[in-house]
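Residues per chain, in single letters:
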Amino acid sequence: MLTLSRVSRRYGETVALSGVDFVVPENTYMSLLGASGSGKTTLLRLIAGYEEPDQGEISIDGERIDGQPSHLRDIGFVFQNFALFPHLTVAENVAFGLRYRASAPLTKESEIKERTEDMMALVGLSGFGHRAVSAISGGQRQRVALARTLVCEPRIVLLDEPLGALDANLRARMCDELKAIRERLGVSFLHVTGSETEALTMGDKVAVLANGRIVQSDAPDMLFNQPGNAEAARHLNAWNIFEAGLCRGDFSSGTIAVRFDQMDVSAEGAAPQGRPALGAKYLTGEFNGPTALSFFRADDGTLLQVIDHLSQPRLPDLVEGQRYDIHFAPQALRQFHGAA
Amino acid sequence: MSALSTDTHSATTHSPAELREKKDRRRAISLLTPGLLWMFFFMVLPMAMVIYVSFWTQTTFSVNSTLTTASWKHFLSSATYLSAIWTTLRIWLIVLIATVVVGYPVALFIGLFVRNKTLQTALLVACVIPFWTSFLIRVIAWRPMLGTEGAINVILMKLGIISEPLTFLLFSEFSVLVGMTQIYCVFMVGPITFMLGRIDISVIEAARDLGASFGTIFRRIILPLSLPGVIVGAIFVSVMVLGEFATAASLSGRKVNLLGNIIVSQVGSLKWAFAAVAGVVLTIIITAVIALALRLVDLRKEM
Numbered sequence: 001m002l003t004l005s006r007v008s009r010r011y012g013e014t015v016a017l018s019g020v021d022f023v024v025p026e027n028t029y030m031s032l033l034g035a036s037g038s039g040k041t042t043l044l045r046l047i048a049g050y051e052e053p054d055q056g057e058i059s060i061d062g063e064r065i066d067g068q069p070s071h072l073r074d075i076g077f078v079f080q081n082f083a084l085f086p087h088l089t090v091a092e093n094v095a096f097g098l099r100y101r102a103s104a105p106l107t108k109e110s111e112i113k114e115r116t117e118d119m120m121a122l123v124g125l126s127g128f129g130h131r132a133v134s135a136i137s138g139g140q141r142q143r144v145a146l147a148r149t150l151v152c153e154p155r156i157v158l159l160d161e162p163l164g165a166l167d168a169n170l171r172a173r174m175c176d177e178l179k180a181i182r183e184r185l186g187v188s189f190l191h192v193t194g195s196e197t198e199a200l201t202m203g204d205k206v207a208v209l210a211n212g213r214i215v216q217s218d219a220p221d222m223l224f225n226q227p228g229n230a231e232a233a234r235h236l237n238a239w240n241i242f243e244a245g246l247c248r249g250d251f252s253s254g255t256i257a258v259r260f261d262q263m264d265v266s267a268e269g270a271a272p273q274g275r276p277a278l279g280a281k282y283l284t285g286e287f288n289g290p291t292a293l294s295f296f297r298a299d300d301g302t303l304l305q306v307i308d309h310l311s312q313p314r315l316p317d318l319v320e321g322q323r324y325d326i327h328f329a330p331q332a333l334r335q336f337h338g339a340a
Numbered sequence: 001m002s003a004l005s006t007d008t009h010s011a012t013t014h015s016p017a018e019l020r021e022k023k024d025r026r027r028a029i030s031l032l033t034p035g036l037l038w039m040f041f042f043m044v045l046p047m048a049m050v051i052y053v054s055f056w057t058q059t060t061f062s063v064n065s066t067l068t069t070a071s072w073k074h075f076l077s078s079a080t081y082l083s084a085i086w087t088t089l090r091i092w093l094i095v096l097i098a099t100v101v102v103g104y105p106v107a108l109f110i111g112l113f114v115r116n117k118t119l120q121t122a123l124l125v126a127c128v129i130p131f132w133t134s135f136l137i138r139v140i141a142w143r144p145m146l147g148t149e150g151a152i153n154v155i156l157m158k159l160g161i162i163s164e165p166l167t168f169l170l171f172s173e174f175s176v177l178v179g180m181t182q183i184y185c186v187f188m189v190g191p192i193t194f195m196l197g198r199i200d201i202s203v204i205e206a207a208r209d210l211g212a213s214f215g216t217i218f219r220r221i222i223l224p225l226s227l228p229g230v231i232v233g234a235i236f237v238s239v240m241v242l243g244e245f246a247t248a249a250s251l252s253g254r255k256v257n258l259l260g261n262i263i264v265s266q267v268g269s270l271k272w273a274f275a276a277v278a279g280v281v282l283t284i285i286i287t288a289v290i291a292l293a294l295r296l297v298d299l300r301k302e303m
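First to last, the sequence lines map onto chains H and P.
For the first sequence, our numbering assigns the number 1 to the initial residue and increments by one for each residue that follows.
For the second sequence, our numbering assigns the number 1 to the initial residue and increments by one for each residue that follows.
Any given hint could turn out to be false.
[Stated by the list, open to error] Looking from chain P toward chain H, a few residues come up when the C-beta cut is under 10 angstroms (computed):
1) N64
2) L196
3) G197
4) I199
5) E205
6) D209
7) L210
[What the hints assert, rightly or not] 25 angstroms max Cα-Cα, derived SDA-like pairs, lysine to any residue:
8) P:K117 / H:P86
9) H:K113 / P:R220
10) H:K108 / P:I217
11) P:K117 / H:E51
Keep in mind the hints are simulated off the structure, nothing from the lab.
Note that the Cβ used here is the ideal one computed from N, Cα and C, for glycine as well.
Kindly produce the complete structure, drawing on both the sequences and the hints.
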């Protein structure tokens, strides 16, 4: 179990992390969702030991690891750009840790070879061992980076946007494989990403990093359906967040959120009774295949999005620039207490 | 040929792709020509001439073009000349090792530990500052430093470490080695720094993450990845040191005779055929050294 408590990191005036409290349980696929610049890479670098926190503690199973040299921490790190050793073959890359680590390196060539080959088979690289790393594809490089890390059996594996350098098809396939590989090894993965779909698909748990702290850490469906605060909701890219005062009738106050797919549209003034409604101007639509996204501008300038599913259309024909009523069921609303 | 006729007679015309290819080829040739002409007239032709002259007949103060192998026989059977080859090779090897030993840590610092590009450039420029004075001044400046009443001896005597001046410092092989190492070190630092600067820092972090200590990372990652830089630097240094004569002439007190010094003195006494033999031998040695260096590392793969 990896535990971070009150971890802070500053770069001059810029605060990257301010008091992060975070737990990655045993045998868990943990996704860490954050916008670019939110400090998610910094968080991984602190755990791996490439940098040290200004304040706070990092520990694994109760043993404090901050301050330890990074090569003795026994943590796996998979780089976004893979960071393969360019002068070594695929097999030599995978065997690097076993052969050259400072603590308990393997000396028997036969054992190194066996474990290297087992790991390459696990990630689907059998038969590629003698290739130069410049002579394999992006997806295969990703597998080498993964195998190289996993073969050392680290206590936890940190993945820094591991799918970012892959094309869309490959990304979907690697998603499944990463999950499968993790389940077979039983080690915890901490997967950092800026994509909410990736975070929700991959994670047994998903944590949202915003403003230098973890704003929520929950199971994916829990997080998606019941974000605990406006920050978390904003990162899911599925919630309209707006002031309750925009709605007609005095039913609520403060900042509220309603999911894109739980909002309905009718002609101005035709909103059904008993449903909170607000007026907004239709801006434009975006066709995404199975779904269509419509954009509206509320009276205070807030952008609202409504999702329509192609198989069950519920929106009327919309004319750009015209005003409509947007309404939703009272129970669809989520209200956030405290600071937004 | 007019535009109209080229449109209609496809048999005699070229496709746009062919025309473009022709144009590209013409441009390539025009870019190459000056260099090729220069190389032909000022390198290939003189080299051929030197080889030719090395077989001319040498009399005391003149040469004539009667072909003979006398100069070669004389050169290869003379202890003076053979020992000059040996001295040249020995000094070359020691200077080469010294420039690597002195230059590599400097390059390691600039290329790997300084991650600010501006500072990197500034430090590299600082390495070149000695070159703002002339070659000869840089060499001669070693005399007041290494001489019997030079700075080093004076300081050591004042400190009471020695009671008599160290005489081996100047006008010895030692002073030649010191002088050459100082002058040529920067040609080693440059290429190594360049190669080190290209190493992705995350590759080193990855090695650390896999549990390797700094020593292991240096041996297994940094050194192999910078080796092409060492080879390029070694080629620069070798070419310059093997052809050297000025440092030896001004710092050795005539005790060290390199092939370069032999050529200078033979030309000075108008023994063109001998000078030509020494020149050919020197060229063969340099060619062999470069060929050996290129065998060690496949530069095509690294550039």
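Each hint, compared with the structure:
1. The interface hint given for P:N64 is broken, as the beta carbon of that residue sits about 57 angstroms from the closest beta carbon of chain H, more than 10 angstroms.
2. A least Cβ separation of about 14 angstroms between P:L196 and chain H goes past the 10 angstroms threshold, and the interface hint is therefore violated.
3. Nearest Cβ of chain H to the Cβ of P:G197: about 15 angstroms, over the 10 angstroms cut. The hint is violated.
4. Because the closest C-beta pair between P:I199 and chain H is about 9 angstroms apart, less than 10 angstroms, the hint holds.
5. At its closest, the beta carbon of P:E205 sits 6 angstroms from a beta carbon of chain H; the interface hint therefore holds under the 10 angstroms criterion.
6. With a cut of 10 angstroms, the hint placing P:D209 at the interface with chain H holds, because the nearest CB-to-CB distance is about 4 angstroms.
7. A hinted interface residue such as P:L210 counts as satisfied when its beta carbon comes closer than 10 angstroms to some beta carbon of chain H; here the least separation is about 3 angstroms, so the hint holds.
8. Using a Cα cut-off of 25 angstroms, the hinted pair P:K117 and H:P86 holds, with the two alpha carbons roughly 23 angstroms apart.
9. The straight-line distance between the Cα atoms of H:K113 and P:R220 is roughly 18 angstroms, inside the 25 angstroms bound, and the hint therefore holds.
10. At most 25 angstroms may separate the alpha-carbon atoms for a hinted pair to count; H:K108 and P:I217 meet this at roughly 20 angstroms.
11. For the hint linking P:K117 to H:E51, the alpha-carbon distance of about 21 angstroms falls within 25 angstroms, and the restraint holds.
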